[in-house]
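Whole structure, please, built from the sequences with the hints as guidance.
Protein chains in written order, with the working numbering: chain A, 54 to 318; chain B, 54 to 318.
Keep in mind the hints are simulated off the structure, nothing from the lab.
Do not rely on the hints blindly, as some may be mistaken.
[Unchecked claim] Have a look at the derived ranges for each label pair, beta carbon to beta carbon:
id	chain 1	residue 1	chain 2	residue 2	range
1	B	T255	A	Q87	44 to 52 Å
2	B	N294	A	R108	47 to 55 Å
3	A	N294	B	G244	51 to 59 Å
4	A	N294	B	Q284	48 to 56 Å
5	B	D177	A	G281	52 to 60 Å
6	A	R108	B	E96	37 to 45 Å
7	B	R119	A	L293	31 to 39 Å
8	B	A275	A	R279	40 to 48 Å
[Claimed, not checked] Here are the simulated lysine to any residue pairs, SDA-like style, with alpha carbons at most 25 Å apart:
id	chain 1	residue 1	chain 2	residue 2
9	A	K104	A	A193
10	B	K300	A	D145
11	B	K300	A	R146
12	B	K300	A	R167
13	A	K300	B	G144
14	A	K300	B	R167
15	A	K300	B	T165
16	A	K104	B	P196
17	B	K276	A	A143
18	B	K300	A	Q140
19	B	K300	A	G121
20	B	K110	B	E186
21	B	K104	A	P196
22	A	K104	B	A193
23	B	K104	A	A193
[As the list claims (entries may be wrong)] Residues from chain A shown here face chain B by an in silico Cβ test under 8 Å; the list is partial:
id	residue
24	M160
25	N164
26	Q169
27	N222
28	S303
Keep in mind it's a predicted model, so treat the numbers as computed, not measured.
Built from N, CA and C at the ideal position, the CB exists for glycine as well.
Here is what each chain is made of, one letter per residue.
There are 2 protein chains.
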Amino acid sequence: MNYPLQSATSNHTPAPVFALNSALRSCSGCSMHQICLPTGLNECDTQRLDKIIGRRKVPRDSFLYRIGDPFTSLYAVRVGHFKSYQQNIAGDRQITGFPMTGELLGMDAINTERYQCDAVALEDSEVCEIPFELLENLFAQMPTLLHHFHRALSQEITNEQRIIMLLGNMRAEQRFASFLINLSMSYATRGYSATRFQLRMTREDIGNHLGLTIESISRMIAKMRRDGLIQVRQRDVEILNLSALGKLASGSEILVSTPVYYPKQ
Amino acid sequence: MNYPLQSATSNHTPAPVFALNSALRSCSGCSMHQICLPTGLNECDTQRLDKIIGRRKVPRDSFLYRIGDPFTSLYAVRVGHFKSYQQNIAGDRQITGFPMTGELLGMDAINTERYQCDAVALEDSEVCEIPFELLENLFAQMPTLLHHFHRALSQEITNEQRIIMLLGNMRAEQRFASFLINLSMSYATRGYSATRFQLRMTREDIGNHLGLTIESISRMIAKMRRDGLIQVRQRDVEILNLSALGKLASGSEILVSTPVYYPKQ
DNA sequence: CGCGAGGTTGATTAAAGTCAATGCATGTGG
DNA sequence: CCACATGCATTGACTTTAATCAACCTCGCG
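Written out as structure tokens, the structure is:
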């Protein structure tokens, strides 16, 4: 299902492939170099960082870590998608995000030294494991790394503020539009299409994340499809009118479905 | 502005009054020493930190900083209460928190180097201004400070995750109960009563923060008062049944008002 | 003493939730 | 290869929750 950067695909020329592999498995060779932790580091510093990092596969539906596990490492997503959720005593869950390639997981555990969330792979995935103590040791000698780490933490804060805004202020339609726009931008940043992508999560996950039910998500999809904003087939999404969707998300335009044009079948 | 010498306290003539003042204005003498940034630092390091910190008064209803202002400093609340909110293009606001004594503001600005929120004083307040560049310079030599800074950032992340949980999963009554419990714990941590305190914000601010209207807040207060959980007079709150309120907040007990016992006056 | 901001209360409405039936793709075993 | 089970998704009917609208109260203050 998932090809960890061409590696498995070229079995018939062993030696060069191995070289390619090791390059690809290092920070220097990673396509997320410009998004991930090594951003801004020179080659030498990148290699020093690289030395403390381990790689780990996380099969679909398995946990990267669980709430309450002792904190040892941060993780950067190399390949794949995750969901990260909290849970209360009653067992209710709230998905706080869907981390994807280049994103850092586990920052919420630094304070208490226990992970505060469950992190589950939505598909067969791969992460870079960054032992936090070793990372801290590097900070004293690598101010650029430290500064970028602070930016990553800060960005996590603003990401969550965005979700708070969404949950506190927006109606269902806006929420779902924001969600799509946000995915669109994330994929664009990573060099993928901004208008065509696959949802890696179920409708239920989306609903949970947006504070809505699965039925509401279904209805929002139906409505936006009727209005010609998106085209959806299963988990394949195509955004047909990105700017209209963006306006919807930002709340500057309330879209009213005109059922006249779309009589019930 | 800055009085780093604690040794001045060893005087026992008229000077002591002044010395006491200056001690109070320094990190060493600050009552928030155990909660704020200097946590865990020895006297010498505390003084080094102290040297880069300035103090600033923020009158009620005035801005500490505004969305879009260039980021230069973090702020620690010394005295008073603030509200911190985001705003979208349409002008809708979402209060993300009510920082109080010992809390750090402005961490969301590190990434973009622009503040992402407005921060407004809810009463006449005072902050410690921590120029971020100077703080970064200290990190290389003060790993304890750095580690504690990371904990502060991490805690900010978990605080916000708690709000996301609240907004995404809880009904009005739970939200308001959580809000009260959270205030209660914050005050307890700071050595104040866990069951009697003053709300520093309007009902409208509370409603906005909790994703509810002012009317809903009013009704929740009325209901909890009827149920004997709290006593409220204007902004004075007394929690009469902390454990029941806690259960409500955690969702493990759905409280049903029995209007039979409380006929309309 | 009257004004105004902030707060409460009641009646009604709108939005999203719940419940229930149905559809559709995938995978498995006969 | 079909039949059927399963998990996920859609759609419709109805209910619940909190929002909206509107009236009124209360307290502090000029």
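Which numbered hints fail: none
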